[in-house]
Amino acid sequence: MAINPDYAGRTFGPSAPYEVTRGKIAEFATAIGEQSPLCFDTEAAQAAGYPDVIAPPTFAIVVFTAGGSIAVNEPGLGVNYSMVVHGEQAFEHSRPLHAGDVVVSRQTIELIKPMRKHTAMTTRIDVETVDGEHVFTARNTLVERGE
Amino acid sequence: MVSTYSQPVTPWSSAGSSSVDFKPGTELEPRTYTATRLNLVKYAGASGDFNVIHWSDRLATKAGLPGVIAHGMYTMAQAGRYVTELAGGDPGAVLEFSVRFSAMVAVPDDDEGATIEVGGTVAEQLDDNRVAIDIVARQDGTKVLTRARAVIRV
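Sequence order for the protein chains is F and Y. In case it helps, our numbering puts the first sequence at residues 1 to 147. In case it helps, our numbering puts the second sequence at residues 1 to 154.
Any given hint could be a false lead.
Stated by the list, open to error - From the structure, some residues in chain Y lie toward chain F, with a derived Cβ separation under 8 angstroms:
#1 A46
#2 G48
#3 L59
#4 G80
#5 D90
#6 L95
If you're looking for bench data, these hints aren't it; they were derived computationally from the structure. Glycine is no exception: its CB is placed at the ideal position from the N, C-alpha and C atoms.
Produce the complete structure using the sequences and hints provided.
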């Protein structure tokens, strides 16, 4: 089964609110090997002008996984996840995510492109706080490999 | 060591971005990062990406892969550490960041794991103290990230 092209153009969300916590930022920073004190030490982050510890730039994918990847779980879309590889990823941050942020995401399937054996799907995810402040926009291309 | 560069590589340190020359065309000193199976397990838990191809040789092979491969986002995160260091150690100074995953990073089940080498070239200076950096990441000489660019504030 391949990705259903009828889903191109559809928008999903808003997701349930996702709360960014100090613990999750520290866990993520540790997992990738990031040692910046701005990810671990609230005082250091505040001294640098941030409200609290900030997330590494690719932490944004956690928000996507936790709340934004609604479309991937949509049964009618037909994604066979074990055959999926990541093709491209882009982030544009209005500001870094910080502990205490509560954000919602909306996901739009911009393109579903059948190729010779594979299918590529590009989605855009817009993430803002529950108060409506834009935090980042991500673009994500997944490739489902054919049999 | 690794790749050959057309120009002398500019040394820089994590002490701050002041030592980096952000003149367009400047090639930046590469760094190496590691991906072991343990790194992938931790990354799966921290990111919430539990795709079987990142932890099970049996299921990765069944999906037609040579074995367990790194999360693309783990590799991108290593390049993210590289640009964060360039931005004086401030992850919040990485404003834009995009990559194309051009090859999978196979991660053997041994103590060394895979080595990812990340290098960069200053692409252009932008307004508001922003600099665009073109990035390349390689595993054993094969490019694993291409068309990769970060905009950082310096």
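Right, here's what the structure says about each hint:
{"no.": "1", "hint": "A46", "in the structure": "4 angstroms, holds"}
{"no.": "2", "hint": "G48", "in the structure": "4 angstroms, holds"}
{"no.": "3", "hint": "L59", "in the structure": "6 angstroms, holds"}
{"no.": "4", "hint": "G80", "in the structure": "5 angstroms, holds"}
{"no.": "5", "hint": "D90", "in the structure": "6 angstroms, holds"}
{"no.": "6", "hint": "L95", "in the structure": "6 angstroms, holds"}
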